[in-house]
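Chemist: Turn these sequences into a full structure, and let the hints steer you where they fit.
Protein sequences, first through last, are from chains A and B.
Residue numbers for the first sequence follow the numbering used here, beginning at 1 and rising by one.
Residue numbers for the second sequence follow the numbering used here, beginning at 1 and rising by one.
Treat the hints as calculated values from the structure; they're not laboratory data.
Don't take every hint at face value.
[As the list claims (entries may be wrong)] Sample of chain B residues lacking proximity to chain A, with all beta carbon distances greater than 12 Å (derived): (1) Asn43; (2) Glu46; (3) Leu180; (4) Asp205; (5) Leu210; (6) Tyr245; (7) Ile266; (8) Val286.
[Stated by the list, open to error] Label pairs and their computed distance ranges (CB to CB): (9) B:Leu218 / A:Arg69: 35 to 43 Å; (10) A:Gln68 / B:Ala247: 44 to 52 Å; (11) A:Arg134 / B:Asp74: 44 to 52 Å; (12) B:Gly242 / A:Asp42: 48 to 56 Å; (13) A:Ser105 / B:Asp45: 47 to 55 Å.
Glycine residues also receive a C-beta, built at the ideal position from the N, C-alpha and C atoms.
Listed here are the chains, written in short residue letters.
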Amino acid sequence: MLNLAFPASLAKLVSRLPVAPPSRVFSTLANRLLWPALKTLDWQPLVGRRYAIRVKDLGLSLRFTVTQRGFAPDSGAPDLTISATSRDFLLLLSRREDPDSLFFSRRLVSEGDTELGLTVKNLLDALDPGLVMRRLPAPLARAAQRLMGT
Amino acid sequence: MPLDLICPAGSLVSLKAAIDHGADAVYMGFRDNTNARAFPGLNFDEAQAAEGLRYAHDRGRRVLLALNTYPQSDTWSRWTGAVDRAAKLGMDAVILADAGLMRYAVKNHPQLRLHLSVQGSATSYEAVNFYREHFGIQRAVLPRVLSLPQVENVVKHTDVEIELFGFGGLCVMVEGRCLLSSYCTGESPNSAGVCSPPKAVQWTDTPTGLESRLNGVLLDRYGKDEKAGYPTLCKGRFEVGGETYYAIEEPTSLNTLDLLPEMLKIGIAAIKIEGRQRSPAYVTQVTKVWRAAIDAVKKDADAFKPAPAWQAELNKLSEGQSHTLGAYHRPWK
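Modeler: Spelled out as structure tokens, the structure:
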């Protein structure tokens, strides 16, 4: 079993940060590291909507919108809020867990526009992991591969 | 071959996962309401379907296309267009429910193999044989309302291959005839391709629990540690006669691993896994377990016993609190 737990002291520190800087850091990092691998997807249905990712154990809330050129921080009321622990987000990202299973067992909560939530889920499910790996920066791809156990 | 494993594919990634982990065939839908999992972002466009077919055929597996909703007169051409595309792409079979569409397929694409969908609601060998005589169907997927002796009776009296559901979400099982959700949404699952259109579904986390609503109608409120289910009307809890409970059906998942030896003995052609709306992670996990189970039962049916690890893996993936053998197992009979 992978140890995916976050140190409690670090979580406490992160939860004290205001929302804006982590959202900005998230968008900047995601654009630099992930967008090249993700930009070929059909983002059209998601553009201009507002999203919040709540990492419960870290007390972290990432707010952003999606544009044609990538992610941008956005502090407006989210259309879709997805909440889970950092461990469960990692399990989802590495495809070790199925989102519906986590949803049934109440570990994943999706609030707001259900149709938008399903669109996001299906867009991410349709991502070919091999293709993404090849387009990720090498250290990130190595970390992802370790996480996926491949 | 008896007991072919038929796995769900909502995307190319899921299709490849199913094939890689031992599915004999996968079933998919096009990106519209011509199939009963018409969710946004799910399913295959023509190019993806072609790639999926190539992937499966290169490995000696088959691809079936679900065209299992009922066309309406003003959108008839969408369904016939889908049949044409299926034939052009070289689908190994189309899974149809509507008799008019079967007639269209037989007339225009006589080489196309036809399966009768569970949505066709054929529960007797007379009904199955009717579709055989008129449209030459090769296989029928039986509704989940029959006990195994009733299934056996159908198998004995028809040449049509019989496919059964083996695992996955259950509903009230009046397949092809259920209009329940249209009371809330105005849309019937049999023509719109989905029981609860996502645009009508709302989830809210409240201090008293997680609430699901369909077009404003409260379906359920899940307490802190209760497992949640899909937001369909049939699985809601309602106040009836002063009591609040699952008045129609409790959310459970079908799991028939225990019945595999009997299914083999009866001569069931294929076992279908539900869940085209689920992720590649689900497809991978369920396919692995069912491949192992079917291989084991074929090797030695008498010694077959489902491994506890298989059951644990499947339990983790299920909707609701429990697993059931469904109508197949009726001990009082």
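Chemist: A separate judgement is required for each hint: does it hold in the structure or not?
Modeler: Cross-check of the supplied hints:
1. Asn43: Nearest chain A Cβ is 9 Å from Asn43 of chain B, so the label is violated.
2. Glu46: Label holds. Min Cβ-Cβ 15 Å, cutoff 12 Å.
3. Leu180: holds, 19 Å
4. Asp205: With a cut-off of 12 Å, Asp205 of chain B comes too close to chain A, as the shortest Cβ separation is near 6 Å.
5. Leu210: violated, 7 Å
6. Tyr245: Tyr245 of chain B clear of chain A: closest Cβ-Cβ about 19 Å, beyond 12 Å.
7. Ile266: holds, 31 Å
8. Val286: Its Cβ does come within 12 Å of chain A, the nearest being 9 Å, so this is violated.
9. B:Leu218 / A:Arg69: 35 to 43 Å: With a Cβ separation near 41 Å, Leu218 of chain B and Arg69 of chain A satisfy 35 to 43 Å, so the hint holds.
10. A:Gln68 / B:Ala247: 44 to 52 Å: Holds, at about 48 Å.
11. A:Arg134 / B:Asp74: 44 to 52 Å: Since the Cβ atoms of Arg134 of chain A and Asp74 of chain B sit about 46 Å apart, the hinted range of 44 to 52 Å holds.
12. B:Gly242 / A:Asp42: 48 to 56 Å: holds, 50 Å
13. A:Ser105 / B:Asp45: 47 to 55 Å: Roughly 33 Å apart at Cβ, these two residues miss the hinted range, so it is violated.
The structure is inconsistent with the numbered hints 1, 4, 5, 8, 13, although it conforms to all the rest.
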